[in-house]
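Colleague: Those sequence lines, one after another, are chains U and L. As numbered in full-length UniProt numbering, residues 1 to 101 make up the first sequence, in order. As numbered in full-length UniProt numbering, residues 1 to 274 make up the second sequence, in order.
Incorrect hints may appear among the rest.
[What the hints assert, rightly or not] Label pairs and their computed distance ranges (CB to CB):
no.: 1; chain 1: L; residue 1: Gly-6; chain 2: U; residue 2: Asp-22; range: 24 to 34 Å
no.: 2; chain 1: U; residue 1: Asp-22; chain 2: L; residue 2: Gln-231; range: 46 to 56 Å
no.: 3; chain 1: U; residue 1: Glu-14; chain 2: L; residue 2: Glu-220; range: 48 to 58 Å
no.: 4; chain 1: U; residue 1: Glu-92; chain 2: L; residue 2: Asp-15; range: 46 to 56 Å
no.: 5; chain 1: L; residue 1: Ala-75; chain 2: U; residue 2: Asp-22; range: 16 to 26 Å
[Said to hold, decoys possible] One-sided and incomplete, this derived list gives chain U residues near chain L with beta-carbon spacing under 7 Å:
no.: 6; residue: Met-31
no.: 7; residue: Ser-43
no.: 8; residue: Val-47
no.: 9; residue: Leu-49
no.: 10; residue: His-65
[Unchecked claim] Quick look at which bits of chain L chain U covers, simulated, 3 or more residues with Cβ under 8 Å:
no.: 11; segment: 9-15
no.: 12; segment: 44-54
no.: 13; segment: 63-74
no.: 14; segment: 165-177
Keep in mind the hints are simulated off the structure, nothing from the lab. Built from N, CA and C at the ideal position, the CB exists for glycine as well.
Next come the chains, spelled out residue by residue.
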Amino acid sequence: MAAAQDSILADLTEMINAVLGDFATDQVITMDTTFRDDLGMESIDVVSLAGRLQARYGDTVNFAHFVAKLDLETVGELRVGQLVDHIATSLEGDGVPAGSR
Amino acid sequence: MVKANGITLHVQRLDPAGPAPVGRTGPTPTAVLIHGMASDTMASWYFTMAEPLTRAGFPTVLYDLRGHGRSDRPATGYALDDFVDDLAALLVELDVTGPLLLFGNSFGGTIAFGYAARHPDRVAGIVAVESSPPTPEWMRRVRMRLERVAARLPREGALAEIGAARGRIAARRAADTGRMLAETTMTAELPASRLPAGDALAAIACPVLCLYGGDSAVGELAPAVQGLLPQTRVVVLPDEKHSVLIDRPDSVRRHVLAWLGEECGLDVAPPVTT
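Isolated chain L, as found in the complex:
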């Protein structure tokens, strides 16, 4: 647990298993893994990417966003700037001073782009899964999604339905998401966030990898992302949904490790599975 930006955040750090691969030059970036909004936690990254990244030689930081998982849940403070402030303060508290590789799932990717717009010199690369930089069109979709969840969960029988379809733990998590949306201003505050200026976003010069599920509507935003950040490599995984990180961690790992070598100059030994 780390106190940052006035709240307590649940943080996990994993150190690299060994030295950086032979031949890699320059400072090794720290990987920071940012989960998505509402029903997500750092677990989505912990059980998919964290270990492979440490094996590839990167110190890795994971945290639960405010309101989520085991971090504090203040009643207000859920605009994009608040999440970016939390990340910036957390890195100071952890004394992470070098370059960063930011990984974001869904809205976590948006936080990564928001941080990079403010601190372009710190970010060595961005991996965004089913995500977009903070643009008005993306925020419109975030609003629709949040409002749909906020309307559905309090309905009588909604949790029982989730429990019947997906089990008791899914129902418990949905109940917690419902409490978060009821107890905080997130549903109203997040979609109304002040957005970074377009030129601040366009000034992000680091390599960017955007992964999408072929069956998810979020991929419709890919051309706009490439229009804004032409260096972006877009990968669409056919037949996958918004939950592609959890459903296809093997494919996500493969594309990430290839991109690190090809676009970021961070060659990684192929992870050995024992």
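Next up, chain U with everything else stripped away, as it sits in the complex:
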């Protein structure tokens, strides 16, 4: 896994745990972790995570656009790795190396 992805995954892990609060699990979050089945995240938790992503990365990472292609059923099947890759690609497209933010 590229260094950029590594640091995004670390960021994302922190945000996911903040969103889950009392429901946070002890399990290690990897690229293959699923939001619904592994983390038990509800759709509103995913919205809350989207808000944190917007605050962290700005509009460069258009999470709403990313999930608009999903519906409420499939958003739960989303894997952490898919989101990490989306963020990495968005940041690269912006011309700023992800690791430097």
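Given chain U, work out where chain L should sit, using these hints.
Modeller: For chain L alone, kept in the frame of chain U given last:
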């Protein structure tokens, strides 16, 4: 998170992806998306309409109603007026001053009509999914529905049944709905809400789109809505249930975008799916 009307509301704002479509004149309204009562949150709108609206050039605001999602859950204050007060205060806090397109799912639509009855000049259009303006007949149905849920959830085995049928997350959400109904006065307070005067509702002059699921009983209210607000466009989606927004977001989007162009003079470029 935004402090409004004395409580903290969970709010998400999405900005338009680009400039308003060429040829559109006048100020661009802000879309405000209001979810339904008891087991709903802003997620129902977030994953269905929010993105298409920003693509169509509208700044979009979503929030969790008091008691719901990640907003505060005060013990009391669950009458229609409280929800309308929250919306009015939230718009002030967010400095949203221009025209509004109000979207409401189920009771969220009722809040939209309640706001429009108080601030008719602010509202450029209302989309109500499986909903009705605040009329005595609709509130009677809301009471029945709330009381049924409030009676069912605390029963032994109810959550296990939901979990077995619809999974662990559905059970967790049902447990939260049960806590909300047990910890707040909503079940008693909401159906007993003071309603806007009939002439204040009838004075709502903006375009209205009411969408119903063909298999849902809420559609029985459509003639009364058109009697009250003759400008209302009613669309019934055959074979759909009360959850039509979540089950058929593609159809809902199509009807909304057509209505925006035809009735509101807000032409929208067809959303490009990439």
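Colleague: Decide, hint by hint, whether the structure agrees.
Modeller: Hint check results:
Checked against the given bound of 24 to 34 Å, the beta carbons of Gly-6 of chain L and Asp-22 of chain U, roughly 25 Å apart, stay inside it. Restraint check, Asp-22 of chain U to Gln-231 of chain L: a C-beta distance of roughly 48 Å satisfies the suggested window 46 to 56 Å. At roughly 50 Å, the beta carbons of Glu-14 of chain U and Glu-220 of chain L sit within the given window of 48 to 58 Å. Restraint check, Glu-92 of chain U to Asp-15 of chain L: a C-beta distance of roughly 22 Å breaks the suggested window 46 to 56 Å.
Between Ala-75 of chain L and Asp-22 of chain U the C-beta distance comes to about 21 Å, which sits within the given range of 16 to 26 Å. For Met-31 of chain U, the shortest C-beta to C-beta distance to chain L is roughly 22 Å, which exceeds 7 Å, and the interface hint is violated. A distance limit of 7 Å between C-beta atoms decides the matter here; for Ser-43 of chain U the minimum to chain L is near 4 Å, and the interface restraint holds. Checking Val-47 of chain U against chain L: minimum C-beta separation of about 5 Å stays under 7 Å; hint holds.
Taking 7 Å as the C-beta contact cut-off toward chain L, the hint placing Leu-49 of chain U at the interface is violated, the least distance being around 11 Å. Among the interface hints, the one on His-65 of chain U holds; its C-beta lies about 6 Å from the nearest C-beta in chain L, closer than the 7 Å criterion. Counting residues of the segment 9-15 of chain L whose C-beta sits closer than 8 Å to any C-beta of chain U gives 4, which meets the bar of three, so the coverage hint holds. Coverage of the segment 44-54 of chain L by chain U holds [criterion: at least 3 residues with CB-CB distance below 8 Å; count 8].
A stretch counts as covered by a chain when three or more of its residues have a beta carbon under 8 Å from one of that chain; for the segment 63-74 of chain L and chain U the count is 3, and the coverage holds. Note: the segment 165-177 of chain L has 4 residues with beta-carbon separation from chain U under 8 Å; the three-residue rule is met and the coverage holds.
In summary, the numbered hints that this structure violates are 4, 6, 9.
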